[in-house]
Amino acid sequence: MQGKNILATRWGIIGVGAVIGVLAAVLQKLGNPGNMGICVACFERDIAGALGLHRAAVVQYMRPEIIGFVLGSMIAAYIFKEFRPRVGSAPIVRFVLGAFAMIGALVFLGCPWRAVLRLAGGDGNAILGLLGLTFGIWIGTLFLKNGYTLGRTQTTHTTVGWMLPLIMLGFLALTLIFPQVAGQDQSGVLLYSAKGPGAMHAPLLIALIVGLGIGFLAQRSRFCTMGAIRDTVLFGQTHLLSGFISLLVLAFLTNLLLGQFKPGFSDQPVAHTMHIWNFAGMALAGLAFALAGGCPGRQLFLSGEGDGDAAVFVLGMIVGAGFAHNFGLASSPTGVGPHGIAAVVVGFLACLFIGFSMRRKVA
Amino acid sequence: MTTTVDARGLSCPQPVILTLDAIKNGKDKALVVLVDTDTSKENVMRAAASQGYRVEAVAPEANGYRIAIAKD
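Just so you know, the protein sequences line up as chains A and B, in that order.
Using my numbering, read the first sequence as starting at 2 and increasing by one per residue.
Using my numbering, read the second sequence as starting at 5 and increasing by one per residue.
Keep in mind the hints are simulated off the structure, nothing from the lab.
Model, not experiment: these values are computed from the prediction.
In this text, a Cβ means the ideal position worked out from N, Cα and C, and glycines have one as well.
Check each hint, because a few of them may be wrong.
[As the list claims (entries may be wrong)] Straight-line distance between alpha carbons at most 16 Å, and here's what the computed EDC-like set of lysine to aspartate or glutamate pairs gives:
| hint | chain 1 | residue 1 | chain 2 | residue 2 |
| --- | --- | --- | --- | --- |
| 1 | A | K82 | B | E65 |
| 2 | B | K33 | B | E60 |
| 3 | A | K5 | B | E46 |
[What the hints assert, rightly or not] Some chain A residues judged to face chain B by a derived CB distance under 8 Å, without partners named:
| hint | residue |
| --- | --- |
| 4 | T150 |
| 5 | L151 |
| 6 | T156 |
| 7 | A195 |
| 8 | R223 |
| 9 | G228 |
| 10 | L235 |
| 11 | F236 |
| 12 | Q238 |
| 13 | G295 |
[Said to hold, decoys possible] These stretches of chain B come out as covered by chain A in the derived footprint (C-beta under 8 Å, 3 or more residues):
| hint | region |
| --- | --- |
| 14 | 29 to 37 |
| 15 | 50 to 63 |
With the sequences and hints as input, model every part of the structure.
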């Protein structure tokens, strides 16, 4: 048996949350968008833009943090002999959940990570998002209590577990072959933003190293923002929650230190003030995360340790981002997109259908 | 016979739900839980401890772990 996994202890998860909180605030100082030091949903959306899966000119950038998350997790999984290639637990359903999770997150404008980073930066709208997230996850726990399951995975070829890490290596190679040219919106096959959030980013090498480090730590600690709320609601188990809260507190303190804390509801960076839709967008995302068994960050870390189903969820999120911008579903600082509300309704119907229809047969 | 919970291949948090259900419903003071990831192993051990169960043994088995838990 291996030695005890220190990062999976209470203080381990608190430490990892703290490191993520500090690094996210620092990445923002180094160039990432406001209250978006790290946002898994936003950054996957930017990757979709860089690949031309949507053509929203202001959100196109191959975010190295995401690449680092997957590869860092894979390195940790190999070092500690936890790389287990597995797949086959309703991948198509996970794809759909990933797509609607992204659509919900883009109605709010952020994943759970960014929800707390927004709060830590003083954005009061994040409170509505976090309440919505909790509500969505609570619905998910009701399904879980009633036997909801996506079924079992099967052990598979190592190649299957390598697919998303290899895709990420491919994305990294594209970034190095076609680097950003100042003021240009395209370099070779990759699209870039000349202005807007997509144009705001920390230096590539720093972002990649931070991503690798967080990926490594998060794989070891099982850091999960959805699990944080789910386990508290479902079991009264606050292990993961302590990591989530530690992220919030340390990001807040770092923001204070760096002069990045600006309390209020209006004129917050990459945010809107439509309270109902901040709540509902995040409720949809929370339900989809709960049904898929992990927050968007966790899905990246699981992909790194060989979980091919989590990888399908990630691809679902990237494709969902394409739909979100092509169909006018994503919000902007002026409010929800022209079809954002309809998409939230459709997303809820899809998630409820999945939740009600996929249950373990009670023997 | 000791009740065995087969949680292999299941996503979070189902291994914990199945373990807690078995603890709640079972007459046995001892349970065996089969899991296939280290995360599930840690989660099941944490959940067992929260119910006053001791972890008697953890043994690697066929691409996963066999966790024996018991209560006095």
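How the hints compare with the structure:
| no. | hint | verdict |
| --- | --- | --- |
| 1 | A/K82 to B/E65 | 14 Å, holds |
| 2 | B/K33 to B/E60 | 12 Å, holds |
| 3 | A/K5 to B/E46 | 10 Å, holds |
| 4 | T150 | 6 Å, holds |
| 5 | L151 | 6 Å, holds |
| 6 | T156 | 6 Å, holds |
| 7 | A195 | 41 Å, violated |
| 8 | R223 | 5 Å, holds |
| 9 | G228 | 6 Å, holds |
| 10 | L235 | 7 Å, holds |
| 11 | F236 | 7 Å, holds |
| 12 | Q238 | 7 Å, holds |
| 13 | G295 | 7 Å, holds |
| 14 | 29 to 37 | violated (count 0) |
| 15 | 50 to 63 | holds (count 4) |
Against the hints set out earlier in the document, violations occur for numbers 7 and 14.
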